[in-house]
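According to mature numbering (1 follows the signal peptide of the UniProt record, and there is no 0), the sequence shown holds residues -17 to -1, 1 to 693 in order.
Be careful, since some hints might not be right.
[Claimed, not checked] Listed next, the in silico DMTMM-like pairs over lysine to aspartate or glutamate satisfying Cα-Cα at most 20 angstroms (straight line):
#1 Lys19 x Asp3
#2 Lys32 x Glu69
#3 Lys207 x Glu386
#4 Lys7 x Asp77
#5 Lys32 x Asp3
#6 Lys32 x Glu96
#7 Lys336 x Asp317
#8 Lys11 x Asp269
#9 Lys94 x Glu241
#10 Lys547 x Glu386
#11 Lys458 x Asp348
#12 Lys539 x Asp275
#13 Lys250 x Glu260
#14 Lys207 x Asp239
#15 Lys547 x Asp317
#16 Lys539 x Glu455
In case anyone wonders, no lab produced these hints; they're calculated from the structure.
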Amino acid sequence: MANLVVYFGWTWVGTIAADDDYGKYGIKLFKEEVEKAGVCISFSETLPKLYSRETILNIVETVKRSTANIVVVFAADVDLSPLIEELIIHNITDKTWIASEAWVTSALISKPEYYSALGGTLGFAIRRAHIPNLKEYLLNINPFDSPDPLIGEFWQQAFNCTLEDMHAVENMYTATVSGNMTNARLHSIDPIASHLCTGLKELDKINNTYSDVSQLRFTYSVYKSVYTVAHALHDMETCIKGKGPFVDQTCANISDFEPWQLMYYLKHVRFTALDDEVVSFSNEGDVTAVYDILNWQRNPDGTISYVEIGHYNSTAPPGSEMTINNGSIVWINDKVEAPRSVCSESCQPGTRKGIRQGEPVCCFDCIPCADGEISNETDSRECIQCGEDYWSNTNRDACMAKEIEFLAYDEALGITLIAVSAFGACIAIAVAIIFLVYRNTALVKANDAVLSFFIQFSLVITFLSSIIFVGEPVKWSCMTRQVSLALGFCICLSCIMGKTIVLMFTARAAKSKNPEKTNSEPIRPIHQRIIALTCILIHACACTVWLVLYPPYPVKNTASQNIKILLECDEGSIIFICCIFGYDVLLALLGFVFAFMARKLPDNFNEAKFVTFGMLVFFIVWISFVPAYLSTRGKFMVAVEIFAILASSFGLLACIFIPKCYIILLKPERNTEALVRSKPKMNDTSAPGTSASITSELNSTTISTVSLDE
């Protein structure tokens, strides 16, 4: 019965047992087996041996209230009958009943009026077989030929007669057979004879269960029992002396044996009964469990028939003990589909079971798996964590490879940034070419052409370094991009600082009442270049140490975004990268401070102002970069960094060199030696405002700038 429940997938069943050993132990074993298979018991009731309508009504209410659609009953028919009557009265017709062998073929229970409640019942019946000549023997018995009182009782019940005056009946029976009974005598005893059993009736003329040998299941068990004892006695009798199973290989005396000797042979009996059934016993003394599985179906005339829909054989290979023809089953209310009986519906893939506190394990909630977890089985107890490179799909029933994200060359954003970077590099190169072509002009000479070329070269580096940030990060690009960026800005800022130092001294000289005393130690161009070169070498050494000790390398960032793998560069050492870029910031601050200190030079001397504006743009861009960078993820972080590189590079290029190119290309009349070498008085407010040149001879260095105001 437990296998039947598991076979149909019922996990929520009720049980009813008679208040006797058969019911209690039967249900106990059933519960133990089904609980191993994960089946839960909705309710468990006991039928009273002494009729109690109150108890029966309580059971009816429990059955009615329960959500279990399957009820397993271990009870005899006489114990179950009162409950069935109450079920009919309360119109409980939505349960499927599983019957034990004690009542599955009971005529007391299988009444047509009970079919509305018990239709579709499944049950296990002891195996039956056709016993040769049994029917002929039963139909030929006669109470006058057999001293068995049971036959007399059966005869009186079958033919509604009496055997109280057996002597008179026997004489009448003898006279009738011999032909000596006269008609008058017969008429005189007609009133009595009409109520007396004559023994002349034929059993095959009546229709009752006695003549129906097709359902004699217990009779077949008796048949096998008799043959079992017979085979045991036969084996005992055929024992060969000196080869017996007992002490000293002795045999039992067939005429005088002990019970334990017969028991030995009974345990070792093995023979083939009817329908090729093999009868034997296990080591525990249990007989092979062989049952027919029956289904209650209604005949056209309203009667109930027991339709054989399967078999159970405990000796069959594991998993095939039970065979059922599902198509031949008629369920409750004449349905063709098997009923469902579960406390909670199965949890589909993508969810897991959540046990309800205080309820059986079959009662649960289906909880969706968390992000990044899946369940690909029905009724999964736990969700499975996807691998590091995988993420759960929408239904959370499969892990899918995460999307790999990086700023690619072939996407619109990458193409745009590369184009802008290339454009900036071209402008820087164009400015360098202009300075190279016009290197012999007064304006270029006055602005220290060497430092100017270094600044232009460094800006080309910064523009081109931004391109390295685009594309899938690999080892060489990770090692190159930050170093090239930091080194490019270092060259640019070192040269700017070298120029602004001169501007600062010029401003101090302009304010001094005794310039010759203020600048007793002249600053020459070589000094500016040494300062710039020293700063660059320090930075280059730091970058080299960084690359040797803690080189950057590509990594897969799976933590920042759930559904994506971000291909990034691990910078190796946060301390080193902070020191390197902090060094660039220090150079920028020094250049800004020196330029700011020189901002109050005469109005026609604007070099310090242009440098100050360039540094302000540089700081504004990189200060804005920090929150923008921290608030983005993935390829947009790279895009923000590239934008900051480009914006700061364009700012420096525009503020420092575009005014000079304007004069060189569009106002060549201002790019003359006379204007560059002119030396207006520092406090002369009447100097012309269209162009100006201030030559500082305090340190033997000519410093020149151009004012663009017309």
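Hint check results:
About 25 angstroms separates the Cα atoms of Lys19 and Asp3, which puts this hinted pair outside 20 angstroms; it is violated. For the suggested pair Lys32 and Glu69, the alpha carbons sit about 16 angstroms apart, so the restraint of at most 20 angstroms is met. Our distance criterion of 20 angstroms between C-alpha atoms is broken by Lys207 and Glu386, whose separation comes to about 72 angstroms. Taken as a hint, the Lys7 and Asp77 pair is broken in the structure, with Cα atoms around 25 angstroms apart against an allowance of 20 angstroms.
Distance check on the hinted pair: Lys32 and Asp3 sit about 8 angstroms apart at the alpha-carbon level, within 20 angstroms; holds. For the proposed pair Lys32 and Glu96, the alpha carbon gap of about 24 angstroms is over 20 angstroms, so the pair is violated. Pair hint Lys336 plus Asp317 does not hold up; C-alpha atoms about 34 angstroms apart against a cutoff of 20 angstroms. Of the pairs offered as hints, the one joining Lys11 and Asp269 holds, with about 18 angstroms between alpha carbons and a cut-off of 20 angstroms not exceeded.
Taking the CA atoms of Lys94 and Glu241, the gap is near 48 angstroms; set against the 20 angstroms cutoff, the hint is violated. Distance check on the hinted pair: Lys547 and Glu386 sit about 5 angstroms apart at the alpha-carbon level, within 20 angstroms; holds. For the proposed pair Lys458 and Asp348, the alpha carbon gap of about 50 angstroms is over 20 angstroms, so the pair is violated. Restraint check: the Cα-Cα separation between Lys539 and Asp275 comes to about 64 angstroms, which exceeds 20 angstroms; the hinted pair is violated.
With a C-alpha separation of about 17 angstroms, the suggested pairing of Lys250 with Glu260 holds against the 20 angstroms cut-off. Simply put, Lys207 and Asp239 have alpha-carbon atoms about 24 angstroms apart, too far for the 20 angstroms limit, and the pair is violated. Using a Cα cut-off of 20 angstroms, the hinted pair Lys547 and Asp317 is violated, with the two alpha carbons roughly 55 angstroms apart. Simply put, Lys539 and Glu455 have alpha-carbon atoms about 11 angstroms apart, close enough for the 20 angstroms limit, and the pair holds.
When each numbered hint is compared with the structure, violations occur for hints 1, 3, 4, 6, 7, 9, 11, 12, 14, 15.
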